[in-house]
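Use the sequences and the hints to build the structure in full.
These protein sequence lines map, in sequence, to chains V and Z. Each residue of the first sequence is one higher than the one before, starting from 34 at the first, in the working numbering. Each residue of the second sequence is one higher than the one before, starting from 4 at the first, in the working numbering.
Honestly, the hints are just simulated from the structure, not real lab data.
Taking CB as the label site, the calculated pair distances span:
#1 129/V <-> 84/Z: 21 to 31 Å
#2 32/Z <-> 48/V: 41 to 51 Å
#3 110/Z <-> 101/V: 32 to 42 Å
#4 85/V <-> 69/Z: 41 to 51 Å
In silico BS3-like cross-links for lysine-lysine, where the CA-CA straight-line distance does not exceed 27 Å:
#5 74/V <-> 48/V
#6 74/V <-> 6/Z
#7 100/Z <-> 72/Z
#8 74/V <-> 108/Z
#9 77/V <-> 108/Z
#10 77/V <-> 48/V
#11 84/V <-> 100/Z
#12 100/Z <-> 87/V
Negatives, chain Z to chain V, calculated, CB over 10 Å:
#13 13
#14 14
#15 15
#16 17
#17 20
#18 29
#19 33
#20 55
#21 64
#22 66
#23 69
#24 75
#25 82
#26 85
#27 111
On a predicted model such as this, the values are computed, not experimentally measured, just so you know. C-beta atoms are modelled at their ideal positions from N, C-alpha and C, and glycine is treated no differently.
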Amino acid sequence: EAGVTQFPSHSVIEKGQTVTLRCDPISGHDNLYWYRRVMGKEIKFLLHFVKESKQDESGMPNNRFLAERTGGTYSTLKVQPAELEDSGVYFCASSPLDSSAGGYTFGSGTRLTVV
Amino acid sequence: DAKTTQPTSMDCAEGRAANLPCNHSTISGNEYVYWYRQIHSQGPQYIIHGLKNNETNEMASLIITEDRKSSTLILPHATLRDTAVYYCIVSQYNFNKFYFGSGTKLNVKP
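Okay, here's the thing in structure tokens:
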């Protein structure tokens, strides 16, 4: 079974530019989450999709961040315009609706550097 | 979700058992205890979870006290590859958002 795939693994952009991160969850996983760790801070929840619907987006820092999951498969997280404080590692995770199998599976993350 | 308290760091000799404690005194009846670890800058890796009974899998054992206010993750034979930050998280079973906290940095030494 393929794991959670995130693309790109690294991205360096200038302040003011736009970046789009992509997450491909494990096939069949209806739950999809975005988390991030900014430098020196804890891993923080951003939002949660159930299929294509946003279940909880309470962790989104501001309206420069837009997450989508059209068709309930892969998800994108767009940052527009990027600011210096957006630098960090963005993790995606997925899990099935039937949570009896255990916790959710994380991807390896996208390291975003805004200069 | 209830918050957790973990020691900042711990050392363990290779081949010995690593016992990582976690306090979660405000845990509610429908909240599970989850353990994850993060090796270097990789994505967090699920280890184990439990409600009130002790649990064991191929990676670790989880011991939860009877009052559920604390738990211990046990790595029975730690290896150098187990060096990581270990996170104890309490959350409802419907996969509510996780609060990772600062975790415990486990250093496994030869």
